[in-house]
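Novice: Below, each chain spelled out in residue letters.
Protein chains: 2
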Amino acid sequence: MSETLNFRIDRWNGVIIDMSKQSLENQVFVDKLKESIAQWTTEGKRGLWVTAKTEHSALIPSLIELGFDFHHAQPGYLCLTKWLPVNIPSHIPGYANHYVGVAGFVVNSNNELLVIREKYQGLKNNTIAVWKLPGGLADAGEEIGATAVREVREETGVESEYICIIAFRHMHNFRHGCSDLYYACLMKPLSSEINACPQEIEECKWMDVSKNTHDTQEH
Amino acid sequence: MSETLNFRIDRWNGVIIDMSKQSLENQVFVDKLKESIAQWTTEGKRGLWVTAKTEHSALIPSLIELGFDFHHAQPGYLCLTKWLPVNIPSHIPGYANHYVGVAGFVVNSNNELLVIREKYQGLKNNTIAVWKLPGGLADAGEEIGATAVREVREETGVESEYICIIAFRHMHNFRHGCSDLYYACLMKPLSSEINACPQEIEECKWMDVSKNTHDTQEH
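Those sequence lines, one after another, are chains A and Y.
Residue numbers are given in the UniProt record's numbering: position 137 of the first sequence equals residue 137, and the series is strictly consecutive.
Residue numbers are given in the UniProt record's numbering: position 194 of the second sequence equals residue 194, and the series is strictly consecutive.
Mixed in with the good hints there might be a few duds.
Said to hold, decoys possible - Listed next, the stretches of chain Y that the computed footprint assigns to chain A, with coverage defined by at least 3 CB atoms under 8 Å from CB atoms of chain A:
#1 17-31
#2 64-76
#3 101-114
#4 138-151
As the list claims (entries may be wrong) - Derived DMTMM-like pairs (lysine to aspartate or glutamate); straight-line CA-CA distance at most 25 Å:
#5 LYS45(Y) - ASP10(A)
#6 LYS53(A) - GLU161(Y)
#7 LYS132(A) - GLU202(Y)
#8 LYS45(A) - ASP10(Y)
#9 LYS119(Y) - GLU203(A)
Hints were generated in silico from the structure; no laboratory data involved.
What you are looking at is a predicted structure, and each value in this text was computed from that prediction instead of being measured.
Note that CB positions come from ideal geometry on N, CA and C, so glycine has one too.
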């Protein structure tokens, strides 16, 4: 009696294989996978999903040879897929393709806006880094207001409270061909002392909004 | 005189290596990479980025052995990274972690709403698929209104015009641990005949909104 691959069926009649749950030697796994693919094809199964941790990387060339393609990866693992039906185009859904950026619009009772200049922003083409709102990328699972609070704290040292989203924009061809949604959030400052992140931030200050608007109109 | 790896420096003092631009044998590439890593470490370089197409998959186990980790993948390629500085935590930014879903709220002049029932939605736990708005995932580079027009057309056969976003929500732990932003868009129908996608849609109809609201109140 031969061992079988450890797998489960998803609700789209696909097959999910977690390599970390296999107790087989590499070549035995590949041989079993070949047999299994033949059987799943006969049974009309649709998408095959394999997840390999870094320690299974020796198996990746064999999976590519068996017709798998990369689907997505995160630090620590790589997911590969193979679409079985020959007469139906692949219905395997793509991976997340959007970054979410969040900025804090932090204004104090003196009508001063919290602004930063980034350390690395200006290095390209010798341009000078511009003053901008503190902010950064949302982690998966993080609420937009929580990202704003965290990024304002990490970049400027100022504690703040999320009030509401005041604007958002959708930008394309951001990093790695992905798109980016950027949310500007109105924030109430809970502290005033600046303690800027030395790794990321070149300069940070409370900018007099009325004065700077006036300057812009003059020049 | 030895060949060198084909690479470029990014503006964060990182190194970008595109394996598809190397004309070296696998083992020669790995040996050169080892030498290069030693040199880049001495020079204070930060993040290393390697992009491998499926045809370079034989090199992946060696890259993992050299301390690279998976960063992200898309069909056709895998990107791996390695952070060089030992005393600074990694500043390598993560990959996109948000899906964007868009639904069309299509109402005609008879106050009827265009609704669908999905083919596969109900298969889990034998639940019955619910009536919902037509919609789906935004591709990278696609405007939200364009996604709404495309998904309404693909799922129902109805042509429609994007008017505005009427609501959005942020959900976590969607697929593969990523988050999901879902936008409902008001759409003006430009045609009325239903021609539902046989692969994805079980049923599609124009639902009398006032009548169904009444029904719900009764039961």
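Novice: Regarding the pair LYS45(A) and ASP10(Y), is the alpha-carbon distance no greater than 25 Å?
Specialist: violated, 44 Å
Novice: Mind checking, does the stretch 101-114 of chain Y have 3 or more residues with a CB under 8 Å from chain A?
Specialist: Coverage by chain A is violated here, the residue count being 0 at a Cβ distance below 8 Å.
Novice: Assess, step by step, whether the Cα of LYS132(A) is no farther than 25 Å from the Cα of GLU202(Y), and give holds or violated.
Specialist: violated, 49 Å
Novice: Quickly compare the C-alpha distance for LYS53(A) and GLU161(Y) to 25 Å and report which way the hint goes.
Specialist: Answer violated: LYS53(A) to GLU161(Y) is near 45 Å, above 25 Å.
Novice: Given the proposed pairing of LYS119(Y) with GLU203(A), does the C-alpha separation stay at or below 25 Å?
Specialist: violated, 55 Å
Novice: Mind taking a look at whether chain A covers the stretch 64-76 of chain Y? Criterion is 3 or more residues with CB to CB distance under 8 Å.
Specialist: holds (count 9)
Novice: Counting residues of the stretch 138-151 of chain Y that have a beta-carbon nearer than 8 Å to any beta-carbon of chain A, does the count reach 3?
Specialist: Coverage by chain A holds for the stretch 138-151 of chain Y (7 residues, Cβ < 8 Å).
Novice: Are there three or more residues in the stretch 17-31 of chain Y whose C-beta lies closer than 8 Å to some C-beta of chain A?
Specialist: It is violated, with 0 qualifying residues against the three required.
Novice: Check whether the Cα positions of LYS45(Y) and ASP10(A) lie no farther apart than 25 Å.
Specialist: Answer violated: LYS45(Y) to ASP10(A) is near 44 Å, above 25 Å.
In this structure, the earlier hints numbered 1, 3, 5, 6, 7, 8 and 9 are contradicted, and the remaining ones agree with it.
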